[in-house]
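Build the full structure now, drawing on both the sequences and the hints.
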Amino acid sequence: MVRGIFRGLVKPGAVASADCPSAKPPAGSPATVHVDSAVRLAVLDGFEEGGLGWLWATDGEGRLSYITQTILDHAQSYIGRPFPSVVETDNSAAAGQPSRSLAFQFSAHSRISDVIVRFAVRRDDQRWWSLSGQPRYTPEGTFTGYVGFARDVTQEYARQREDERAAEFDSLTGLFNRHRMTRRLDAILAAYRASGRCCSLLMLDLDKFKHVNDTMGHPAGDELLRQVAERLRKVVGDRGDIGRLGGDEFQVILPDIEDRGRLGEIASKLIQMISQPYAIEGKRAVIGTSVGVAVAPHDGEDREALVASADLALYAAKNGGRGQFRFFSAELKDEAQERTILTEDLREALGRGELELHYQPVVRIADNYVVGFEALMRWNHPERGAIAPSVFIPIAEESNLIVPLGEWALRQACADAAQWPDSVRLSVNVSAVQFAVSGFVNAVASAVATSGIDPERLELELTETVFMRDSEAVDEVFASLKGLGVRLAPDDFGTGYSSLSYLRSAPFDKLKIDRSFVETCAAKDNNSAKIISAIIGLAEALGMETTVEGVEAFDQLDVVKKRGAKLVQGHLFARAMPLAEVEAKLESGDLKLEPNGPKRHRPERRSVFRRVTVIHEDHRYEAVMRDLSRTGARIDGLLGVPVGTSLVVDLGGGQLVVSMVVRSEEAVIGVEFEQPLTSDGAGGLCTRHRVPPSTLQAAGAAAEPKGKPRFIQVAVPGSRERT
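This note's numbering puts the sequence shown at residues 5 to 727.
A couple of the hints might just be wrong.
[What the hints assert, rightly or not] In the BS3-like style, the derived pairs of lysine-lysine whose C-alpha atoms are separated by at most 30 Å in a straight line are:
1. Lys287 x Lys486
2. Lys238 x Lys287
3. Lys273 x Lys238
4. Lys528 x Lys565
5. Lys322 x Lys214
6. Lys287 x Lys322
7. Lys528 x Lys273
8. Lys570 x Lys603
9. Lys603 x Lys534
10. Lys238 x Lys212
11. Lys603 x Lys589
12. Lys273 x Lys322
[Claimed, not checked] Simulated restraints on C-beta separations:
13. Asn531 x Ala162: 47 to 53 Å
14. Glu92 x Glu342: 57 to 63 Å
15. Ala46 x Asp260: 55 to 61 Å
16. Glu348 x Trp412: 14 to 20 Å
17. Lys486 x Ala312: 44 to 50 Å
18. Arg163 x His222: 25 to 31 Å
19. Leu507 x Asp559: 28 to 34 Å
20. Leu542 x Leu590: 31 to 37 Å
21. Asp242 x Ser114: 30 to 36 Å
22. Glu92 x Ala46: 30 to 36 Å
23. Pro680 x Ala162: 49 to 55 Å
24. Glu598 x Asp218: 51 to 57 Å
Because the hints were derived from the structure by calculation, they are not lab data.
From the three backbone atoms N, C-alpha and C, an ideal C-beta is built for every residue, glycine too.
Spelled out as structure tokens, the structure:
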């Protein structure tokens, strides 16, 4: 009786078989005959028993009333269950699939045609079926259920899915490809635009990847890319989408993340993870990465604008010395042109005598005596004045000008130090670019021989990026340098590409502890002091000295002294000084430096000259910011503001900072920020959150009606305040 509902699947009037002798049509009539019920049932039986498909039916409530028993174990136990609960569609496949769910089609009594499903009750069954069904009605028009069938499409569906994957996934890494990432970013930005939601885009490319390809071969480069992809997955997790755009370029989409403090943490983690050594074919490869970050809608409302902003930020990160991240800002558009001008000026700076060396003392804590000096390059531009090393050194490295500049510094420093007492050592910084030049060892030997300095007095401070080269080549250079008798020290130990593994083979004489640990070592509930203690203990166990740099306050000095430090550098004792000042001190024989500075370290306060807008209640005031730190600022131009006044400082670009006046003297006030600023990746500071451009535009439009300006409320992200 149940099978009778399928009689409609083989309709009267079907073409008769040539093997059936009774199927002879009268002359001049169509070659068709009526097929009786027995034949129809035989066809259905053959379809079921052949295993090529199965039949199904439901009642008017969508409950399963019939299913082929041979296709599914215990099929009868599923009779009476809602049919959509017995099968499931492939949610991971988009192409060729209906946009509406199977359950919706059942509820709408729609015709079902070639929906790809598998049995939800059999997770181990990997067969896929093309499901079709026809709704049935009584002569009065009452819906009575479905009848349908399914055919096995496992092989062709697997091929289809593989084709879809090839079209949207990178075959080497398994990450999304450029096409998929483009569609994904377009879809997110379109969906988020109306609601004002944010989406961040990170652009990455690998530093020194070409060197791995050239020295270890393309198969090793491919394996490296696969390992990089796996590390990206571990950092990003389910927070966003990761794609390989081609070559060594990667992209990360992070929906609903616009907190620049959190984005900076993610970018730093990516840099840290990708920079760890890779084991490939029994060898060690070390690379790095730079990251550019842009956030929609602040840095671009559509894909083209957002990608352009992230690319510009990546370019700035690479030019800033690599191994760092940068947020996009409007200033970057001018920065690229500015760097081009500075590069050309730097090419001629050495010949014009604009470069000189300053020397910062290295002090022995036990008696405050100077035991050495570190040579630091300075550039006095004829028009721009003093240009910070943090600006021109990355430019020199990017343009390879660091090689002639580094050789000049080495020769000049050795010549200067040859006139000093034999007990005073000389430290010279060596760039990874300079270290990689084939004639570097000869340049060191020439500087030592020409100056006549004892090689034991010369200490080369190497940035840890030198270990991004092939380990065998690095070991050869180390051996040659030690053969000359010079001392070696890794600079900024504990950051960047630090790895305990290279300490086993590198012939270092000293470790320099990075200033980032010293900056927070006196703070409560901070691990920096413990890390300093651990590094000092490690160095002593390996027979090395340590120098702690960046000591600027007495509380920091007390901490590092208690942790076992013996040698320190920092403004608490002396800043870097010109050669003439060094020579005067040496001639006087007064090599003792008494510490002089603040009792407690405060967060770094940067001197700035920046026009800002200060908002108080319904009024806006133009002012000048002269000092800026993570937690506060000094603002000039507001007269008679009482201590305790709540203000909002508009730093521009949607950066609104809720502040409290903590000092007030005539027209100068000191404000403390409700929420600390965060690093912008380039040594500057920025707010964690920004007010979207659309909100600012709406506020501006509403605030400029006829007559007297008025104000509307704008929520300050990350704050309890509104302005």
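Verification of the supplied hints:
1. Lys287 x Lys486: holds (24 Å)
2. Lys238 x Lys287: holds (23 Å)
3. Lys273 x Lys238: holds (10 Å)
4. Lys528 x Lys565: holds (17 Å)
5. Lys322 x Lys214: holds (15 Å)
6. Lys287 x Lys322: Within the cut-off at roughly 27 Å; holds.
7. Lys528 x Lys273: Holds - the C-alpha atoms of Lys273 and Lys528 are around 24 Å apart, at most 30 Å.
8. Lys570 x Lys603: holds (20 Å)
9. Lys603 x Lys534: holds (21 Å)
10. Lys238 x Lys212: Holds: Lys238 and Lys212 sit about 22 Å apart, inside 30 Å.
11. Lys603 x Lys589: holds (26 Å)
12. Lys273 x Lys322: Roughly 17 Å separates the two Cα atoms, so the pair holds.
13. Asn531 x Ala162: 47 to 53 Å: Check passed, 52 Å falls within 47 to 53 Å.
14. Glu92 x Glu342: 57 to 63 Å: This hint holds: roughly 58 Å between Cβ atoms.
15. Ala46 x Asp260: 55 to 61 Å: Holds: the Cβ-Cβ distance is about 60 Å, inside 55 to 61 Å.
16. Glu348 x Trp412: 14 to 20 Å: holds (18 Å)
17. Lys486 x Ala312: 44 to 50 Å: holds (49 Å)
18. Arg163 x His222: 25 to 31 Å: holds (29 Å)
19. Leu507 x Asp559: 28 to 34 Å: Since Leu507 and Asp559 have Cβ atoms about 30 Å apart, the given range 28 to 34 Å holds.
20. Leu542 x Leu590: 31 to 37 Å: holds (33 Å)
21. Asp242 x Ser114: 30 to 36 Å: holds (34 Å)
22. Glu92 x Ala46: 30 to 36 Å: Since Glu92 and Ala46 have Cβ atoms about 33 Å apart, the given range 30 to 36 Å holds.
23. Pro680 x Ala162: 49 to 55 Å: At roughly 54 Å between Cβ atoms, Ala162 and Pro680 fall inside 49 to 55 Å, so the hint holds.
24. Glu598 x Asp218: 51 to 57 Å: holds (53 Å)
In this structure, every one of the numbered hints holds.
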